[in-house]
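Colleague: Assembly of the complex is requested from the two constituent chains, each provided in isolation within its own frame, with the hints serving as guidance.
Order-wise, the sequence lines are chains A and B. Numbers in our numbering are just positions in the first sequence, counted from 1, shifted up by 8. Numbers in our numbering are just positions in the second sequence, counted from 1, shifted up by 7.
Residues from chain A that face chain B, not an exhaustive set, calculated with beta carbons under 10 Å: (1) G20; (2) D21; (3) E24; (4) N25; (5) D27; (6) A57; (7) T58; (8) Q59; (9) S67; (10) R71; (11) N87; (12) E92; (13) I96; (14) Y100; (15) M101.
Simulated pairs of lysine-lysine, DSSO-like, Cα-Cα distance not exceeding 27 Å: (16) A:K35 to B:K113; (17) B:K43 to B:K90; (18) B:K322 to A:K74; (19) A:K30 to B:K190; (20) B:K257 to B:K169; (21) A:K30 to B:K110; (22) B:K134 to B:K169; (23) A:K52 to B:K134; (24) B:K113 to A:K30; (25) B:K134 to A:K84; (26) A:K11 to A:K84; (27) B:K319 to A:K74; (28) B:K319 to B:K186; (29) B:K254 to B:K22; (30) A:K35 to A:K74; (31) A:K30 to B:K186; (32) A:K17 to B:K134; (33) B:K169 to B:K254; (34) B:K43 to B:K9; (35) B:K72 to B:K90; (36) A:K43 to A:K14; (37) B:K320 to A:K74; (38) A:K14 to B:K134; (39) A:K74 to A:K52; (40) A:K36 to A:K14.
By construction, these hints were calculated from the structure, which means they are not laboratory data. Virtual Cβ for every residue (Gly too), placed ideally from N, Cα, C.
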Amino acid sequence: MKKIIKILKQTGDFAENKDVAKDLRLKKIMPALLKSNGVILDFKGVNGATQSFIHALISDPIRELKDRAFDNLSYKNTNDAIREIISIVYRYMQESLDGNDDK
Amino acid sequence: MKVFLSNQGNLRNFKSFTESIDLSHPDKLEITTHDKWVTVHPANLVLAAALAMKVGKDNTEITGKVPETGRYLDRMGLYELTKTSSPFIYRKKEEAGRFLPIKVIKDSQGQSRFITDMVPLLHLSEKNATVVKYIIGELVRNVLEHSFADDGAIVAAQYYKKTNRVSIGICDTGIGIWKSMWKYWRPKTDIDAIKLALTPGITGTTRREGGTSENAGAGLFFIKSIAKISRNYFVVYSGSAEYTLLKHDKRVKNKPRLYADPNRDPHSETNTSSDFQGTLVAVDISLDETPEFNDLLASIGEVYHQAIRERKKEKYRKPKFI
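Bound-form chain B, shown alone (with noise of 0.2 Å):
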């Protein structure tokens, strides 16, 4: 397998990414960089670090020439996962930064101390941990309940001054979006199966509205819909597909406006990236541009209210008129 990490790893360039990523020889990993300038997302590095993980650090190395910039791929622990030595020396006291590095939960435990931890890394205040807390929260979630992925949820993040942004990729090599779906949806394609995820009120545990005693599926379309709201991306790739959330134009001034069906929302999708065999999410939030939470949280409940609403009425029987 091969993978490039460009300068230009930002979620708006996912696809690209993702159309350039060589699954053929599953049994190895070479990571390449851009010779002069390597940028990545916390999603280009989870991505990378869970193919190294399910290929073994003795398979995996980082070849040719990797610029200077590449001293990040260090500082998130890229290195760690491969035989390569990382060529770059640098002081403890310069990791101060505010990112957290490749990260491995495994169980609900693991998930809550990370939660606890990630936030003095991050410097956030409160309100923006809250944002972050729930993010990673429903997200990793997700992975421990429905992946069945050996070695857990890979989580990595990164908050980035200039920009006020944080962030957040997580990946997993479990079984995909598409099986999970499958029991009770039968999805016909990989983007038929994230779309499904997306909708509000769909989980692959139940056709029952409500969900079941532990799942409403809920988690997904939240997390849209703050991206949607903080107007930033947000990425799904699971299979062979991968959807986009596009940016909302900051020149529009109304509030971005939420939709259920995923449809509806500026995307880009594709159905035919490199057939990848577990999930990745990945979200950008401008913190400037989140609302008070429970504000965010009162319009996303609206829809999804709404959207179960809409889908019980279809079912409602129609009067026979002869």
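So here's chain A without its partners, still in its complex pose (with noise of 0.2 Å):
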């Protein structure tokens, strides 16, 4: 089953509230995504977002679930801006998941 989230109800047009990021994080992407559920993030009507806002929707399910965050978590209706955010968390995140021995 898929759990559909739409941002914009929780953000407005721009998505930069990172309390509303922590949020969702907690209270819906995270507890799917341990079931193993898919999880969409919708973005329609999302104009822009901060990396500070995607980093906290998304920087821990892929630090902590890994794969099954990667397999589960996908992306509805974004812009090319927005497109590019994503895609940078990603990028960095997963350079980041091996060699980190400073906690």
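Modeller: Right, dumping it as structure tokens:
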């Protein structure tokens, strides 16, 4: 079963509130991924997002759940800028997945 | 304390502004201006406003002869933070300029409201509004999350039609960058702390690559990079240090190159400015020079990614050849 999260409803047309991102991550994204359910983040109507927002939304699922997050998280209705930010977060999180001895 | 607002208030001259501030006697603030012409960047304004809020309205005054151009200080809301009555009288209709007066933001709901409300005030296109929203969103969030400032984030912005440029200043009187970086990075000086904060992937909340669930250490690097690509100034002032990214020469046709190391960017720096307890970040964005936002992000993202890769490589164990 796939869970669809409509970002616009939570953030308005510009997604910058990290408290909202954290809330979505803890209450909706992580619980669904932990059950190996699919999660679709739907950005319909969202014109922009900060890197901080996207990081707060998805970096922890990637770090904690790795393939389970990659396999089950998907993104819908993203414009080019949001797509680019999500890709940046994916790249640097994967780059940092190993070799993290200093906590 | 004394702040002098000159006739050259722009980011190019910001260093001389910070060097001219007198932060002695921190219980009162006296603001003076050039007697014939006053020009202020939002950065000058928010710094004066932050100090005024710190000492309180009753202990802040604007003294001496303020020229006619000083009415801008009134329109931007500086007089409201002082016990001095504004000498300027004008019709409210004149206020329909493209500026964001001094505004205090204390929480994330306030930040979201401000970002929604500011776009009509600046009359920006959707493309340009996204860049400005991005910058203000990241900078205000930095203050709310890392500064521990009682007065929150103090923000002002101005659109200059003639040069098609937006200038933004954000200031707080919180713990400053040095204290914010101290726990994990132990910077020796204020300027070291600022450079750490500008380095991609370095955050004051962890030494771990990739950051924490909330912080990646990307915010200031992204904004410095936006300023660089749009060939403009970017300033950070905290403690006794000030870092100014210098304007990229417009005669050089190639796109400005981004560097992870802030030392490689053309910049000026000082570690001997007046010791300001807090942080100020200011940026100019030339809207004519700003490429499509996703292209801009792609360039920044590539450098960010490369920086993390390089730093990770440095940690690799080396073979022992005997």
